[in-house]
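Engineer: Protein sequence lines, in the order shown, are assigned to chains A and B.
Just so it is clear: in the first sequence, position 80 is 80 by the numbering used here, and no numbers are missing.
Going from the second sequence to the numbering used here is simple: count from 1 and add 1000.
Heads up, a few of these hints could be off.
As the list claims (entries may be wrong) - Here are the computed lysine to aspartate or glutamate pairs in the EDC-like style, where the Cα-Cα straight-line distance is at most 16 angstroms: (1) B:K1135 x A:D59; (2) A:K89 x A:E99; (3) A:K89 x B:D1076.
What the hints assert, rightly or not - Some chain B residues close to chain A (C-beta under 7 angstroms, calculated; not the full set): (4) V1012; (5) I1015; (6) T1035; (7) A1039; (8) L1047; (9) P1050; (10) I1052; (11) V1071; (12) P1093; (13) E1127.
Bear in mind the hints are in silico, worked out from the structure with no lab data behind them.
All residues carry an ideal CB built from backbone N, CA and C; glycine is no exception.
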Amino acid sequence: MIVPFTHLLVLASILFSLGLICVLVWRSNIIMLLIGIEIMLNAAMLLFVAGSNHWGMADGQVFALMIMAMTSAEVSLALAMVVYLHRRKRTVNVDEFSELKD
Amino acid sequence: MEQILFYILATVIVIATILAITEKHPVHAIVYLVTSFFALAVVFYLLAAPLIAMFEMIIYAGAVMVLFMFVIMMLDLGGGGDAKRPSLAHCLPALVLAGVILASLGLLVTARSSAIPAASHMPDVREFSTTLFTKYGVAIEIISMQLLFAVVGALYLGRRRKP
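Next up, chain A with everything else stripped away, as it sits in the complex (with noise of 0.2 angstroms):
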């Protein structure tokens, strides 16, 4: 253990804040939304690998991988929305995206 556990929750929930704080403010734009979903789910992981480095399991780091695999998918599903609508209505602000079906 390099630095005490604390130090890097801290730092987590730092970042954590910070893609909070992205998510909330920057609602009129969807690239921005999901930049800020990104680093959140960044700071779960760096949680996960840290308490797997602090307790000596692997399963911490099993779990990184999962959210990863879950990020991945997400953003490729999320952006396949993102051009698709664009592609409709031309513009990237969440309040126009009201409906799916127009």
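Starting from the structure of chain A, add chain B where the hints point.
Structural biologist: Here is chain B on its own, set in the frame of chain A:
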């Protein structure tokens, strides 16, 4: 030595993330975020998880961010034209929630009296893969099915419709 490296990397991560979320231009935000992810990968390496560090580099900084960049450039969102900078009223709930998170974290840090004893041995790649394919074998199957569904959904959304 490793402590100093960790604190430098933590500073880099936080500053790059702040720059990424305050940047109006999406391409610049992506580049700052790649910087942050590279620093985070080195932090994972320092935390004795070299495999996760490699995957972070290859999948996150390599694939996911390049996918973002590809979509931004394909849709020509680089100008940031209609993306207005949000007003203070938009920022208020975010700042309140972040304050709550940081206040609870401060309480946690100050109230902790007895530190949890750290483990003596570090999990290596062999232990990691044994855990992955024996204890969590079902989870691997579910994750691979989820990736397959994501591919099918992305192909369905991205197909060209005949007018």
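Engineer: Now look at each hint and say whether the structure bears it out.
Structural biologist: A quick look at each hint next to the structure:
1. B:K1135 x A:D59: Roughly 9 angstroms separates the two Cα atoms, so the pair holds.
2. A:K89 x A:E99: 11 angstroms, holds
3. A:K89 x B:D1076: 14 angstroms, holds
4. V1012: 11 angstroms, violated
5. I1015: Hint on I1015 of chain B: violated, closest Cβ of chain A at ~11 angstroms, above 7 angstroms.
6. T1035: 13 angstroms, violated
7. A1039: Interface hint status for A1039 of chain B: violated (11 angstroms vs cutoff 7 angstroms).
8. L1047: 4 angstroms, holds
9. P1050: Constraint on P1050 of chain B not satisfied, violated at 10 angstroms.
10. I1052: Cβ of I1052 of chain B sits 5 angstroms from chain A, so the hint holds.
11. V1071: Hint holds; V1071 of chain B Cβ to chain A Cβ min 5 angstroms, cut 7 angstroms.
12. P1093: 6 angstroms, holds
13. E1127: 5 angstroms, holds
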